[in-house]
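Okay, here's what each chain looks like letter by letter:
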Amino acid sequence: MKCRKVQRLLPLLAGAELPESKIPSVRSHMEECSRCRKDYEKYAILVSQTRAWFAENRTEWQEQEWQRIVRTAIEQGAEKKTAMVPWPFPKVWAYVLMAGVMLLITVLIIRPPFVEQTGLVPRYADVAQMGKPGGMEEMGRQEVVSMTMVSRETGLKIVWVFNKNFNLEENE
Amino acid sequence: MWMKDEDKLVEEVLRGQHASFELLLQPYQQGFLNMAYRITGDREEAREVCQDAFLKMFKYLKSFKKGRSFKTWSYKILVNTSYDFLKHKKKYMRVIDSQKSASVYELPQVEQRIWRKQMREKIQGVLDILSPKEKAVFLLRDSEGLSVREASLVLGCSQMSIRTHLSRARQKIKNHFAKNHLKETGEEST
Chain A
0 MKCRKVQRLL PLLAGAELPE SKIPSVRSHM EECSRCRKDY EKYAILVSQT
50 RAWFAENRTE WQEQEWQRIV RTAIEQGAEK KTAMVPWPFP KVWAYVLMAG
100 VMLLITVLII RPPFVEQTGL VPRYADVAQM GKPGGMEEMG RQEVVSMTMV
150 SRETGLKIVW VFNKNFNLEE NE
Chain B
0 MWMKDEDKLV EEVLRGQHAS FELLLQPYQQ GFLNMAYRIT GDREEAREVC
50 QDAFLKMFKY LKSFKKGRSF KTWSYKILVN TSYDFLKHKK KYMRVIDSQK
100 SASVYELPQV EQRIWRKQMR EKIQGVLDIL SPKEKAVFLL RDSEGLSVRE
150 ASLVLGCSQM SIRTHLSRAR QKIKNHFAKN HLKETGEEST
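Residue numbers (numbering that gives the first Met the number 0), protein chains in the order written: chain A, 0 to 171; chain B, 0 to 189.
With the rest of the complex left out, here is chain A (with noise of 0.2 angstroms):
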């Protein structure tokens, strides 16, 4: 091992800190450079040192004090209690996640005119021929129905027709 690499290690072997596996060759590299030795020996002084320092000069709480700084923080962190639950979601996504389903479910329930409607509820277009003459009262009117079924072997057409209360008027 050369002295330049020994060097970064000997701060960490006087400290304790240096992998076992590097010992042996940090420890045989000092055997023969006095120079790093000499800076181990410092180091060594150095964290003694430094360490004593740290543990003689440490600032103490004042046992009210420190009470009073903790009081001060849980009472800060407490949540205020409210009569209403606390929301369960405390995360954004959660939020957008809420904001889709109320959309949807305003979309599937209540149908503003915006929304294109289909299927069983009338077309925009219906409804809109519902106040014009003829629209409405054509379809409160409409008290009769029919059904045609055609052969298509024989070409034979039978049409029945029915009433408002589904019974059968006419056969043909």
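Worth flagging that the hints you see were computed from the coordinates, not collected in a lab. All C-beta atoms, glycine included, are put in the ideal place defined by N, C-alpha and C. Do not take every clue at face value.
What the hints assert, rightly or not - A short, non-exhaustive set of chain A residues, derived as facing chain B with CB atoms under 8 angstroms:
hint: 1; residue: PRO10
hint: 2; residue: VAL46
hint: 3; residue: ARG50
hint: 4; residue: TRP52
hint: 5; residue: THR71
hint: 6; residue: ALA72
hint: 7; residue: PHE165
Place chain B on chain A using the hints.
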């Protein structure tokens, strides 16, 4: 004295028994204050930092994972709070003028006494020549007695990095003392 398990104390605090929080902090009571004092260099500021750190510890106790060391978790908060405090006050604008390494020379037996005396007088001042990370590593190890592994958990870096910073810190301090020693012996001889 019988000490409750830290995990149990944490659970108690989370259940609302706030008195357990003080018991949780008690073993590190002096350590926290000293660490904050060494970093800030001022007793009043150290107390302020401690209060801030305790508040953060209390608030974020929910995030403390069971089975982990409360010591390293709390020191991590304390060190970060201390440096945040310093950043806020912009204290780290000082010019470091003692970075040049001095030549190493013979250390006769008689001079060991001078070295010891010098160090004891100037250790607190010497901390300012270290970078924030070197200072934190140096204090955690030599002032608070944390192991290399514990220091790595506190600062969130590898053990190799801790050793590198520790080695550099001690080299800087040694060189600083050697330089001052040269100056003083030079002045005495003239």
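- Query: Among all the numbered hints in the text so far, which are the ones the structure does not match?
  - Reply: 7
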